[in-house]
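Engineer: If you read the protein sequences in the order shown, they are chains A and B.
Per our numbering, the very first residue in the first sequence carries number 38; after that it's consecutive.
Per our numbering, the very first residue in the second sequence carries number -8; after that it's consecutive.
No wet-lab data here; the hints were simulated from the structure.
None of these values were measured; they are calculated from a predicted model.
A couple of the hints might just be wrong.
Claimed, not checked - To be clear about the criterion: a stretch of chain A counts as covered by chain B if any three or more of its residues have a C-beta under 8 Å from a C-beta of chain B, and this derived list gives those stretches:
1) 52 to 61
2) 67 to 73
3) 82 to 93
4) 152 to 166
5) 241 to 255
All C-beta atoms in this analysis are idealised placements derived from N, C-alpha and C, irrespective of residue type, glycine included.
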Amino acid sequence: MTDEGAKDTESFASATKMNYAYAYDKGGKLSSWAGVSGIPAAILLDPSGKVVWQGHPGSLSEDAIQKALVGALEKPLWDWPASAKDVRAALTKQAYSDALAKAAKLTEADGGPAIQKAIQGIVAGKVAALKAAMTAGNFLAVSTTGAEIAKAVDGLPEKADVEKVLADLEANKDAKKVIQAQKKVAELRDKKWKKRELEGAIADLKKMAKANAGNYAATEAEELAAELDKLRRKKD
Amino acid sequence: MQIRTRALAFVLALAAFAAPSSADVVGKTVPPVALEGFTQTKAHSFDDFLGRAVLVEFFAYW
Chain A
38 MTDEGAKDTE SFASATKMNY AYAYDKGGKL SSWAGVSGIP AAILLDPSGK
88 VVWQGHPGSL SEDAIQKALV GALEKPLWDW PASAKDVRAA LTKQAYSDAL
138 AKAAKLTEAD GGPAIQKAIQ GIVAGKVAAL KAAMTAGNFL AVSTTGAEIA
188 KAVDGLPEKA DVEKVLADLE ANKDAKKVIQ AQKKVAELRD KKWKKRELEG
238 AIADLKKMAK ANAGNYAATE AEELAAELDK LRRKKD
Chain B
-8 MQIRTRALAF VLALAAFAAP SSADVVGKTV PPVALEGFTQ TKAHSFDDFL
42 GRAVLVEFFA YW
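Chain A on its own, in the form it takes in the complex (with noise of 0.2 Å):
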């Protein structure tokens, strides 16, 4: 965003009284990732990272909130006492164990033990959502991710946990054929789409969603393919 681009949020800021914290996406990275087509538009986010509810800002819930602050610290990283530099550091490099041990060395006046508990709750958020992936066969989401927990995890109880998944993948005879067929998928998503593109597109995911039947290609396929079907409507 150009200098003329943040003069001009901050008197939309001042005007609308708007009193909570905003930045800027260069380039709309973090929209086009969210799939945003249209405003307003909101993304919530648990403490691990994960989203946990996306749609219209006046349609969010009071339950999706509950959801999202379930493990969530009662105080940011940036108000950790400066005792706390060192887990804060390790924390942001996803170094659990290490966050953890330092953690530990903390006294309660420093919150020492209800960060520990909030660094648990990530670990246990990123593994479940590991085991969650694997159990609903969306082994291209856990051949992305599993490395990078099981790095995170290391030294910590749950690194078994996450080595069993990573195992129970390799094992798998069909997770190469459904990551093959996810990525196709994946790559058809990120297409910009022309329209008449679309009715050939919608007729192949379809076809993909058949031969991979009862996988989660499938499923992804289909879903895509009815995403494609209503834009191929609103256009008309």
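Put chain B on the given structure of chain A with help from the hints.
Structural biologist: Frame of chain A, contents of chain B only:
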């Protein structure tokens, strides 16, 4: 109220909008993104929000 103290509203100003896309990102973890010019907060990067519940609202003006 607990929600007010812990949930953080967070607004992103966007210069322009990309072509329509309708990716469903629920259940996905936000990839590393470099956001700039944090205002009305002590945060300097998106990483500073780790461990908190964060509401990201996409926002633009014309």
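Engineer: Taking the hints in turn, state whether each one holds.
Structural biologist: The hints, checked one at a time:
1. Only residues whose C-beta sits within less than 8 Å of a C-beta in chain B count toward coverage, and the stretch 52 to 61 of chain A has 7 of them, enough to reach three; the restraint holds.
2. Judged by the Cβ-Cβ criterion of 8 Å, the stretch 67 to 73 of chain A is covered by chain B as claimed, because 7 of its residues qualify and three suffice.
3. Residues of the stretch 82 to 93 of chain A with a Cβ under 8 Å from some Cβ of chain B number 10, which satisfies the need for three, so the listed coverage holds.
4. Counting residues of the stretch 152 to 166 of chain A whose beta-carbon sits less than 8 Å from any beta-carbon of chain B gives 4, enough to reach three: the coverage restraint holds.
5. Only residues whose C-beta sits within less than 8 Å of a C-beta in chain B count toward coverage, and the stretch 241 to 255 of chain A has 0 of them, not enough to reach three; the restraint is violated.
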